[in-house]
Structures are given as C-alpha cells and as structure tokens.
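Undergrad: Listed below, chain by chain, are the residues.
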Amino acid sequence: MPDALPILEMKHVSKRYGGIAALNEVDFVAYPGEIHAILGENGAGKSTLIKIAAGVTDPSEGELYVEGKRVDFRNPTEAMAAGVVCVFQELSLLPDLTVADNLSIVAPPMRAGLIDAGAQRERARRLLAEIGCDDIHPLELVRNLPLSRRQMVEIAKALAKRPKLLILDEATSALTAADVERVYTIIRRLRSEGVSILYVSHRMHEIAALADCATVFRNGRRIETFRIGERSMSAIVQMMIGREMTHHYPDKPPANPGAPVALSARNLSWGQQLRDISLDVRKGEIVGLGGLDGQGQRSLLFALFGVLKGVSGSVDVLGKPLRLSGPRSAMRAQLPIALIPEDRKTEGLMLPMNIRDNISLASLSKFQKGLRFDRNSEHTAVEKIIKGLNIKITELAAAVSTLSGGNQQKVVLAKWLMTHPGIILLNDPTRGIDVGTKQEVYRLLRDLADSGVAVLFYSTDYAELIGCCDRVLVMYDGRVTRELAGLELNERNIIETALNVNDKEQAA
Amino acid sequence: MSTFGHRIAHNGGLLGAIALFVVMFTIYTSNHPVGLTAAVAATAANKAVLLALVAMAQTLPVLTRGLDLSVGMVFILANCLASAIVVGTIGEGFLGIVAVLGVGALAGLLNGAIVVWGRLQPIITTLATGAIYYGTALFIRPGPGGDVQSDIADFATGQLFGVFPTSLAILLAVVVFVWLPYRNSVLGRAAYAVGSNEQAAYMSGVPVQRAKLLAYTLAGLLAALGGLMLTFNTYSGEASSPIAGNYTLNSIAAVVIGGTSLFGGWGSAIGSIFGAFVLRTIEDLLFVFNLDPLWQPLFQGIVLLAAVSLGAVRILRIRNRLELFA
Numbered sequence: 005m006p007d008a009l010p011i012l013e014m015k016h017v018s019k020r021y022g023g024i025a026a027l028n029e030v031d032f033v034a035y036p037g038e039i040h041a042i043l044g045e046n047g048a049g050k051s052t053l054i055k056i057a058a059g060v061t062d063p064s065e066g067e068l069y070v071e072g073k074r075v076d077f078r079n080p081t082e083a084m085a086a087g088v089v090c091v092f093q094e095l096s097l098l099p100d101l102t103v104a105d106n107l108s109i110v111a112p113p114m115r116a117g118l119i120d121a122g123a124q125r126e127r128a129r130r131l132l133a134e135i136g137c138d139d140i141h142p143l144e145l146v147r148n149l150p151l152s153r154r155q156m157v158e159i160a161k162a163l164a165k166r167p168k169l170l171i172l173d174e175a176t177s178a179l180t181a182a183d184v185e186r187v188y189t190i191i192r193r194l195r196s197e198g199v200s201i202l203y204v205s206h207r208m209h210e211i212a213a214l215a216d217c218a219t220v221f222r223n224g225r226r227i228e229t230f231r232i233g234e235r236s237m238s239a240i241v242q243m244m245i246g247r248e249m250t251h252h253y254p255d256k257p258p259a260n261p262g263a264p265v266a267l268s269a270r271n272l273s274w275g276q277q278l279r280d281i282s283l284d285v286r287k288g289e290i291v292g293l294g295g296l297d298g299q300g301q302r303s304l305l306f307a308l309f310g311v312l313k314g315v316s317g318s319v320d321v322l323g324k325p326l327r328l329s330g331p332r333s334a335m336r337a338q339l340p341i342a343l344i345p346e347d348r349k350t351e352g353l354m355l356p357m358n359i360r361d362n363i364s365l366a367s368l369s370k371f372q373k374g375l376r377f378d379r380n381s382e383h384t385a386v387e388k389i390i391k392g393l394n395i396k397i398t399e400l401a402a403a404v405s406t407l408s409g410g411n412q413q414k415v416v417l418a419k420w421l422m423t424h425p426g427i428i429l430l431n432d433p434t435r436g437i438d439v440g441t442k443q444e445v446y447r448l449l450r451d452l453a454d455s456g457v458a459v460l461f462y463s464t465d466y467a468e469l470i471g472c473c474d475r476v477l478v479m480y481d482g483r484v485t486r487e488l489a490g491l492e493l494n495e496r497n498i499i500e501t502a503l504n505v506n507d508k509e510q511a512a
Numbered sequence: 002m003s004t005f006g007h008r009i010a011h012n013g014g015l016l017g018a019i020a021l022f023v024v025m026f027t028i029y030t031s032n033h034p035v036g037l038t039a040a041v042a043a044t045a046a047n048k049a050v051l052l053a054l055v056a057m058a059q060t061l062p063v064l065t066r067g068l069d070l071s072v073g074m075v076f077i078l079a080n081c082l083a084s085a086i087v088v089g090t091i092g093e094g095f096l097g098i099v100a101v102l103g104v105g106a107l108a109g110l111l112n113g114a115i116v117v118w119g120r121l122q123p124i125i126t127t128l129a130t131g132a133i134y135y136g137t138a139l140f141i142r143p144g145p146g147g148d149v150q151s152d153i154a155d156f157a158t159g160q161l162f163g164v165f166p167t168s169l170a171i172l173l174a175v176v177v178f179v180w181l182p183y184r185n186s187v188l189g190r191a192a193y194a195v196g197s198n199e200q201a202a203y204m205s206g207v208p209v210q211r212a213k214l215l216a217y218t219l220a221g222l223l224a225a226l227g228g229l230m231l232t233f234n235t236y237s238g239e240a241s242s243p244i245a246g247n248y249t250l251n252s253i254a255a256v257v258i259g260g261t262s263l264f265g266g267w268g269s270a271i272g273s274i275f276g277a278f279v280l281r282t283i284e285d286l287l288f289v290f291n292l293d294p295l296w297q298p299l300f301q302g303i304v305l306l307a308a309v310s311l312g313a314v315r316i317l318r319i320r321n322r323l324e325l326f327a
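Each protein sequence line maps, in turn, to chains A and B.
Heads up: the first sequence begins at 5 in this note's numbering, then just goes up one per residue.
Heads up: the second sequence begins at 2 in this note's numbering, then just goes up one per residue.
Everything labelled a hint here was simulated from the structure, so no lab data went into it.
Quantities reported herein were computed from a predicted structural model and do not represent experimental measurements.
For every residue, glycine included, the Cβ atom is placed at its ideal position computed from N, Cα and C.
One should not assume that every hint holds.
Derived Cβ-Cβ restraints for the label pairs, each shown as a range [said to hold, decoys possible]:
#1 A:S405 with B:L96: 51 to 57 Å
#2 A:G117 with B:F264: 28 to 34 Å
#3 A:Q443 with B:F264: 42 to 48 Å
#4 B:G136 with A:E29: 57 to 63 Å
#5 B:F5 with A:T180: 27 to 33 Å
Some chain A residues well away from chain B (every beta-carbon gap over 10 Å; in silico) [as the list claims (entries may be wrong)]:
#6 T81
#7 K161
#8 M357
#9 E387
Generate coordinates for the entire structure from the input sequences, incorporating the hints supplied.
TA: Here's what the structure looks like:
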C-alpha cells in the first residue's frame with residue numbers, strides 16, 4: 005500500500021558503536037496493513053534497526069518519522085506512546101509477578117486510586133483468550149511458565165498496547181507449532197486492521213508464508229526491499245551473503261584422519277537446548293560450530309566444560325570417559341580442557357585486577373612450590389606469553405580494564421594457554437575485536453592445532469568458520485544438522501543449513 | 002491450579018512465618034505463669050511492634066533489590082528527636098509527631114535520591130547516611146534523657162477498650178492505610194517489577210526511578226514511626242549505637258524469616274511483621290522457660306539459618322552451574 009502515509013519512516017539513520025557502524029545511512033519505510041520481513045545474517049544490523057525504532061537506543065545520525073511526524077524517542081515508553089511496540093527476543097516480562105500483573109504493568113485498571121485487582125484479572129483473561137491461551141491462569145507467576153508460554157504472554161502484552169507498528173523479533177522461535185499458527189492468525193488479523201508489522205525471522209518458509217514484502221540488510225546497510233515472490237529463495241540468500249570475504253586466513257593442512265581423537269562426545273542431551281549431539285575432534289584439528297545464534301552452540305561448549313548439570317550422554321578424552329562435575333574437572337582431564345568464554349567482561353576477566361594476576365589466575369597451582377608461591381617464575385611465564393601473543397600493555401600491574409577490547413581478549417587467551425590445554429573450546433572469541441587482532445587469533449589457533457591441540461570453535465561469523473576450520477558442524481534447534489568440510493564448506497551451504505531452508509527434506 | 006491455589010502459593014513465605022509465630026506464641030502463653038492477659042499481651046505487643054515497624058521499613062528497599070542499613074539509625078534519630086520535640090500540650094505533641102515523621106521521610110528520601118541519581122550501591126549509601134543520621138541523633142541527645150508528651154505516650158502503649166494493645170492497633174493501621182494501598186499502587190507494583198528484573202521493567206515503561214525513591218522514603222517514614230513508638234515506651238531518648246545496629250540487623254533477619262527474597266521482587270511487609278514477631282518471641286520463650294538470656298542470640302541465629310535454608314532449596318533445581326553465581 006505504498007500510497008498510504010507510512011507508519012514508520014527512517015531517513016539516513018546510522019548507529020555507531022566506537023568506530024564500528026552497526027547501521028549505516030539506512031532509509032526504511034513501513035506502511036500500514038503490511039507485514040514486512042527483515043532479513044539478514046547475524047550482525048547485519050537488524051536488531052539495531054528495531055532497537056532504534058522501539059526507542060531502546062538512539063541513532064547516531066538520521067531522523068525518524070511516525071505517521072509523518074518527526075519523533076525523537078528517548079526511551080521505550082515514548083515509543084509505545086507513539087504506537088510503536090516491540091516484542092523482543094530477550095523477554096521483557098517480570099518473572100516474580102503474575103501474568104495479570106505483567107499484562108497491565110504500565111497502565112493497570114484503577115479504582116479509587118488503587119490498582120483494581122479484579123478488573124486486572126478480567127483484562128488478563130480477555131487478552132489471553134484473544135490469543136487463544138485460555139489455559140494460562142492470570143494469577144500464575146511468569147517464572148513458573150515454560151518458555152513458549154512466556155513468549156505468548158509477551159505477545160499478549162504487546163497487543164494490549166494496541167500498537168500501530170508491531171515489531172516481532174524472532175517472536176516465534178520459542179513457540180510450539182500450535183502457538184505459531186495462533187500467532188499467524190493474530191498477525192493477519194492485525195494486518196487487516198491496518199497495523200504495520202515488522203517481522204524479524206530466520207525461518208524462510210515462515211516469511212514466504214506470511215510476509216507481504218521484505219528488506220535485506222547486510223553489514224549495517226539496507227541492500228534491497230522487494231515484494232515477496234519477486235525474488236527467488238536463492239537470490240535472497242545471495243543478497244544476505246554479499247561480496248567476497250576480506251580476511252586472510254592461514255593455510256589449512258591436509259586432513260589427517262589417522263590422528264587420535266582428543267575429544268569425543270556421544271548423545272549429549274540437555275533439556276530443550278541440546279538434542280542427541282555426537283561429535284569427535286581429533287588432535288591437530290580445528291572444528292567449527294556454526295548456525296544461527298542460540299541454536300545450542302553455547303550450551304554445547306558449556307556442557308563439554310562441565311558447567312551444565314544433568315547432561316545425559318558421555319564425553320571421552322583420548323578414549324577415556326570423563327566425569328564432568330565442573331570446570332575444575334574439565335581442566336584436570338588427561339588433555340586439559342580450556343574454554344574461552346564469549347563475554348570476556350563477565351566470564352573471562354577480573355576487570356579491576358591487574359594484567360599479571362588475570363593471566364596467571366587459571367594456572368596458579370603451577371607456581372606453588374610447597375608452601376612458597378614462586379612469584380619470579382610466575383612473572384617470567386606471564387612475560388613470555390605476553391610476548392608470544394603480542395599483547396600491547398604498558399605495565400603488568402595495570403588493571404586489565406585499561407586495555408582495548410582486542411588486547412583484553414588476548415589476555416583471556418593467554419590465561420588459558422598458560423594452563424597448557426590439549427583441548428580448547430572457543431565461544432565466539434572474535435566478537436567485537438578489531439581486524440588485526442582477529443588475524444592474530446586465527447594464526448594462533450592454527451599454530452596451536454599444528455602443535456597437536458584439538459580446537460572446537462563456535463563463531464557467529466560464517467566467513468571466519470570457512471576460513472579457519474577444517475570442518476564445520478552446523479547446529480539448528482539443539483541438533484547438529486549437517487557437517488561441512490572441503491569444497492562443501494562454503495557460505496551458501498552454511499546459511500542454507502543454518503536457516504534450515506530445506507528442513508522438510510531433512511525431516512523426511 | 003485454581004485462583005485460591007495461586008493465592009496460597011504466592012503467600013507461602015508469609016503463611017510459613019505466621020505458622021511459626023503462632024506455634025511459638027502458643028508455647029509462650031501456655032507456659033506463662035499468668036496466661037494471656039491484656040497486660041501480658043500489651044507488653045509483648047509494645048516490644049514487638051518496634052521491630053515490626055523497622056522490619057516493614059526494611060522490606061521496601063529489599064523488594065527493589067536494595068538494602069537499607071540506615072533504618073536502625075533513623076529509628077534512633079526519631080527517638081532522640083521525639084524526646085526533644087514531642088512535648089508540651091497534646092496539640093504540640095501531635096505537631097512534634099508530624100515533624101518527627103517528616104524528618105524520617107526526608108532521611109529516606111535522601112537515601113533514595115543518592116541511590117537513584119548518584120547511582121551508588123544501596124548498601125554503601127545507607128551505611129554512610131546511617132552514620133550521618135546517628136551522628137545527628139547524638140548531637141540532639143548527647144546523653145540519655147529528654148521527655149515525651151505523657152498523655153499520647155500512655156495512650157499509644159496502653160490498651161484500647163481495656164483489652165486490645167493500642168500499639169498493635171497502630172501497626173494494623175499502618176498495614177491497612179500504608180502497606181496495602183502501597184502494594185496496590187502503580188509505584189508499589191513498580192517496586193516489585195524493579196526488584197524482579199530492572200532491565201525488563203525499564204523496557205516495559207515502568208517508572209523505575211520514582212519507584213525506588215518512594216520505597217526508600219517510605220522506609221524512612223516507617224523507621225521514624227518505630228522510633229516514635231520507642232519514645233512512647235521509654236519516655237526518653239538515647240542515642241545508643243548498639244540499639245541502632247541491632248535493629249538494622251534484626252530487621253534484615255525479620256525480612257528474610259517473613260519470606261521476602263533478598264534478591265528483590267518477591268515478598269511482603271506483612272511477612273516481615275511476623276518475622277519480627279518470631280524474633281521477639283524467642284526472647285519471651287527464654288524467659289518463660291527460665292533460660293539464661295545469653296541463649297537468645299544463639300536461638301535467633303538458628304531460626305534465621307533454618308529460614309534461609311528453606312530459601313536455598315532453589316539451588317537443587319539449577320541446571321546451569323553459572324546460575325549459582327548470578
């Protein structure tokens with residue numbers, strides 16, 4: 005309906021974090037009565053776009069118009085007041101409050117100046133019935149609901165605000181099939197009522213079934229907007245991939261199927277997140293974990309490092325069963341295991357502590373000589389590894405928080421390399437670090453592999469997986485759905501498997 | 002689950018605290034040499050209401066995932082101030098009461114303002130402001146002494162219609178006219194939301210800052226009311242550092258026994274009242290069984306530990322070890 009007044013219009017909107025542009029000079033228009041799909045790889049700028057529309061972040065540059073009027077949202081409340089409502093992936097529900105409380109959290113029904121609990125419960129019952137969730141009791145606590153039901157409450161909460169523009173960010177990813185159908189029905193009804201819907205999803209068949217038009221983003225830019233049906237599935241995938249990769253990766257050695265299996269997992273399962281995963285990593289091999297964000301890759305690394313409880317299945321190191329009761333047991337395996345965490349600020353570093361203490365933290369016992377702690381050999385070892393990894397520091401006693409992101413990440417690597425691991429698990433280690441440091445990390449991983457270390461490497465950057473890894477296991481919905489190696493290991497195959505585009509054939 | 006079932010489940014901690022209190026209080030009265038007379042009840046109530054008010058005060062910041070280490074000091078400040086200005090005629094006395102409550106609310110507002118706009122942690126903020134409030138109390142009343150309007154004091158510590166302890170009626174009035182309306186107001190709801198998940202609350206458009214300000218302000222007000230009641234009991238003021246510290250720490254214990262989560266978002270001030278009653282009854286139990294009062298801290302510790310252990314049951318259900326430290 006391009007003649008109508010757009011509900012939302014963005015003009016030359018950019019968002020920079022430090023020097024990196026998450027969104028670059030984007031023009032975007034959403035019309036009433038239209039379901040508009042937003043497509044793109046991890047980090048293409050989709051979430052930044054919706055965060056700006058929903059008032060969560062400010063744009064660095066550019067202008068926003070809602071129904072033709074210039075707006076400048078300072079917070080989500082102002083966006084909601086203008087009719088822009090977002091259902092976020094990270095749930096915005098309050099776990100300790102009841103469903104009824106959550107549904108009326110901002111403007112509850114009042115009587116005599118106080119919240120009218122009865123009317124509020126009635127309202128909740130009505131809203132839940134509207135989305136076909138009569139089975140949820142209004143007085144149930146949100147934290148007692150399973151994830152899929154919480155997601156439905158989240159949608160009910162958004163609908164309660166009577167939005168003009170409804171943003172759904174991967175809103176169906178946690179839902180059961182029956183609930184997905186209900187959500188489709190609701191979305192189609194809203195469309196007929198003139199609501200504009202922005203629909204972010206990685207499920208291509210959903211988009212084909214539901215959307216009227218789509219916009220593809222890549223590297224923070226809007227690539228193209230088109231009507232659904234105008235472009236073939238493969239043309240859309242091509243748009244999402246874009247141009248050639250720009251990094252240089254170390255050469256891969258020929259495969260060595262005779263090398264001993266360092267790490268072997270059989271039938272690992274953990275709740276909904278890991279389903280029957282089996283994998284082998286040989287000495288000297290870099291195995292990648294691919295797929296969309298949040299398909300169980302992190303949980304798999306956590307399971308192998310002993311962080312999760314109640315994992316079924318077995319883990320062997322060099323053919324011997326390993327009993328994982330926590331990170332310390334993983335570190336004491338016959339080939340010690342190291343996990344380079346994703347979030348260096350919370351899981352990797354003690355930010356206020358100095359560089360030396362951070363690096364030696366995981367291997368302190370190596371310097372304990374009887375009752376004496378050998379400060380000198382600690383110092384020597386730390387200096388050696390700083391030199392080896394080319395970490396740029398002013399002095400060892402400086403707080404690690406004073407370093408740049410790339411150097412902080414190297415400190416995390418140094419800390420774990422000090423433990424002389426035989427198996428290294430990496431959880432998206434290059435996120436948010438500069439290109440130069442990335443290259444060094446790739447080189448380092450290959451050197452470690454050449455020296456006989458087994459590497460299991462999760463990355464959200466597909467190009468990196470292709471450039472660095474000998475094999476890549478692509479995960480979808482808690483399973484390893486495909487193994488890619490050699491010529492098969494290319495971006496198209498990774499994306500297609502990650503999106504589960506031909507999931508029907510695989511299910512058969 | 003039925004609506005009724007949900008209500009029971011939501012108030013598990015509160016019901017547990019009530020049950021514990023009823024058991025302990027029954028043991029106490031059935032072993033008391035004269036049984037439950039109006040005088041026995043009034044004496045027990047007068048002591049228990051003091052801690053109950055301070056515990057209610059503590060509950061509000063705790064619900065927002067904060068902590069107020071200054072409640073005991075505001076309590077003492079109000080006591081010293083009341084012993085100086087709640088004097089003269091009954092009318093002048095009431096003016097003094099209003100002033101004392103105002104000062105308490107102001108002290109709470111200052112805590113809240115520093116936490117909200119200064120973005121300091123509540124624990125260190127209130128440790129510092131608590132010292133300031135105590136210092137002010139010491140300035141007002143360097144040595145024990147002072148006086149209080151005796152008509153008001155006698156009324157507040159006596160019995161209504163010769164049977165019901167007035168102090169308990171005052172506490173009930175606070176519940177009905179302060180706590181319940183607060184619990185059912187937008188800002189009260191917001192306090193629970195903030196304590197439950199501050200980011201989600203912000204994303205949902207909840208007035209996060211005003212909720213915290215009000216929680217701390219009300220805490221100051223309730224602590225000051227406790228201080229007033231102390232003055233009515235003792236007819237004097239004393240800037241006692243041990244009493245201030247004791248009330249602060251016991252208030253936290255009462256909050257926990259009453260089923261409120263120190264992680265915020267969960268609990269009720271009514272639970273804290275019964276938590277306070279439980280702590281006070283331990284003292285009385287020692288008395289009727291002729292045990293040395295020296296045992297009191299030990300028994301309080303055991304009750305507290307048992308209450309906290311019940312709260313730790315959740316750890317058995319955790320499946321990601323990282324959540325143990327979240």
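Undergrad: Would you mind marking each hint as holding or not holding in the structure?
TA: Status of the hints after comparison with the structure:
no.	hint	result
1	A:S405 with B:L96: 51 to 57 Å	holds, 54 Å
2	A:G117 with B:F264: 28 to 34 Å	holds, 30 Å
3	A:Q443 with B:F264: 42 to 48 Å	holds, 43 Å
4	B:G136 with A:E29: 57 to 63 Å	holds, 58 Å
5	B:F5 with A:T180: 27 to 33 Å	holds, 29 Å
6	T81	violated, 4 Å
7	K161	violated, 8 Å
8	M357	holds, 17 Å
9	E387	holds, 31 Å
When held up to the earlier numbered hints, the structure conflicts with 6, 7 and fits the remainder.
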